[in-house]
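Student: One-letter residues, chain by chain:
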Amino acid sequence: QSVLTQPPSVSAAPGQKVTISCSGSSSNIAKNYVSWYQQFPKTAPKLLIYEDSKRPPGIPDRFSGSRSGTSAALDITGLQTEDEADYYCASWDTSFSVRFGGGTKLTVL
Amino acid sequence: EVQLLQSGGGLVQPGGSMRLSCSASGFAFSNYAMTWVRQAPGKGLEWVSIITASGLSTYSADSVRGRFTISRDNSKNTTHLQLNALRVEDTAIYYCATSPVTGSRYRNDFWGLGTLVTVSS
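Chains V and C supply the protein sequences, listed in that same order. Note that our numbering has the first sequence beginning at 1, numbered continuously upward. Note that our numbering has the second sequence beginning at 1, numbered continuously upward.
Treat the hints as calculated values from the structure; they're not laboratory data. All values derive from a computational prediction rather than experimental measurement. Heads up, some of the hints might be wrong.
[To be verified] Straight-line C-alpha distance at most 30 Å; calculated DSBU-like pairs for lysine-lysine:
| hint | chain 1 | residue 1 | chain 2 | residue 2 |
| --- | --- | --- | --- | --- |
| 1 | V | K31 | V | K46 |
| 2 | V | K17 | V | K105 |
| 3 | C | K76 | V | K42 |
| 4 | V | K31 | V | K54 |
| 5 | V | K54 | V | K17 |
| 6 | V | K105 | V | K42 |
| 7 | V | K54 | C | K43 |
| 8 | V | K31 | V | K17 |
| 9 | C | K43 | V | K31 |
| 10 | V | K17 | C | K76 |
| 11 | V | K46 | V | K17 |
| 12 | V | K105 | V | K54 |
| 13 | C | K43 | V | K42 |
| 14 | V | K105 | V | K46 |
| 15 | V | K46 | C | K43 |
| 16 | V | K105 | C | K43 |
| 17 | C | K76 | V | K46 |
| 18 | V | K105 | V | K31 |
| 19 | V | K17 | V | K42 |
| 20 | V | K54 | V | K42 |
Let the hints inform the model, and build the full structure from the sequences given.
Tutor: Written out as structure tokens, the structure reads:
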């Protein structure tokens, strides 16, 4: 069981907006930044968002992140079929470890 | 261009040992912490271990503490993960990844392609 809780799946039509939530606790998200990763089947994860809302070079501004209290969220606007992937949140924990969410499978209908 | 070239992995019996390696290039290796993350077949990502840039501090997940050891050689731009007392549930793809910071601002900027460890009799 993952310490950070994500919905197992979300779906939306092309062009729409989807939000993936990530729920943590006072020992991780409440005190530390959240990063988000995108993973396509049989490939390594890729950094999508770091420090809650920053995008690495090359990541479209359709992807945005936020954090409030013990929760974080990844928003994807203007959905494209190529966005169909698994998405993971992660956060440092006060126990000197890193917590990943269980992952969310995004389906673009 | 950042490259993380992973080696090691394969089939090992329960109770056995294995060493994974990750050779880095394209960035100032000695300035980065390095992380190992694993993914069991069909499952999500699980953080395994991290070593600070200097190598002076390491942290590991409860599930592997006392069995897995992370290390690094900054003169060779390489990090290793020694896996001992392997269990069937350790079967996974193991990824090495860069961590420009540890602590509150933690993230993994770049990832290796992963190497499969299969623990089976």
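Student: Take the hints in turn and mark each one as holding or not.
Tutor: Hint-by-hint comparison with the structure:
1. V/K31 with V/K46: Given pair V/K31, V/K46 holds - Cα atoms ~24 Å apart, limit 30 Å.
2. V/K17 with V/K105: With Cα atoms ~15 Å apart, V/K17 and V/K105 stay inside 30 Å; holds.
3. C/K76 with V/K42: holds (29 Å)
4. V/K31 with V/K54: holds (17 Å)
5. V/K54 with V/K17: holds (19 Å)
6. V/K105 with V/K42: Judged against 30 Å, a Cα distance of about 14 Å means the pair holds.
7. V/K54 with C/K43: holds (27 Å)
8. V/K31 with V/K17: holds (28 Å)
9. C/K43 with V/K31: With Cα atoms ~27 Å apart, C/K43 and V/K31 stay inside 30 Å; holds.
10. V/K17 with C/K76: At roughly 46 Å apart (the allowed maximum being 30 Å), C/K76 and V/K17 break the hint.
11. V/K46 with V/K17: Distance of about 21 Å is within 30 Å: holds.
12. V/K105 with V/K54: Holds, because 22 Å separates the two Cα atoms, which is no more than 30 Å.
13. C/K43 with V/K42: Distance ~12 Å between C/K43 and V/K42 Cα, so the pair holds.
14. V/K105 with V/K46: holds (15 Å)
15. V/K46 with C/K43: Holds: V/K46 and C/K43 sit about 17 Å apart, inside 30 Å.
16. V/K105 with C/K43: Holds: V/K105 and C/K43 sit about 11 Å apart, inside 30 Å.
17. C/K76 with V/K46: At roughly 25 Å apart (the allowed maximum being 30 Å), V/K46 and C/K76 satisfy the hint.
18. V/K105 with V/K31: Within the cut-off at roughly 26 Å; holds.
19. V/K17 with V/K42: holds (26 Å)
20. V/K54 with V/K42: holds (26 Å)
Hint check: a violation occurs at hint 10 only; the rest are consistent with the structure.
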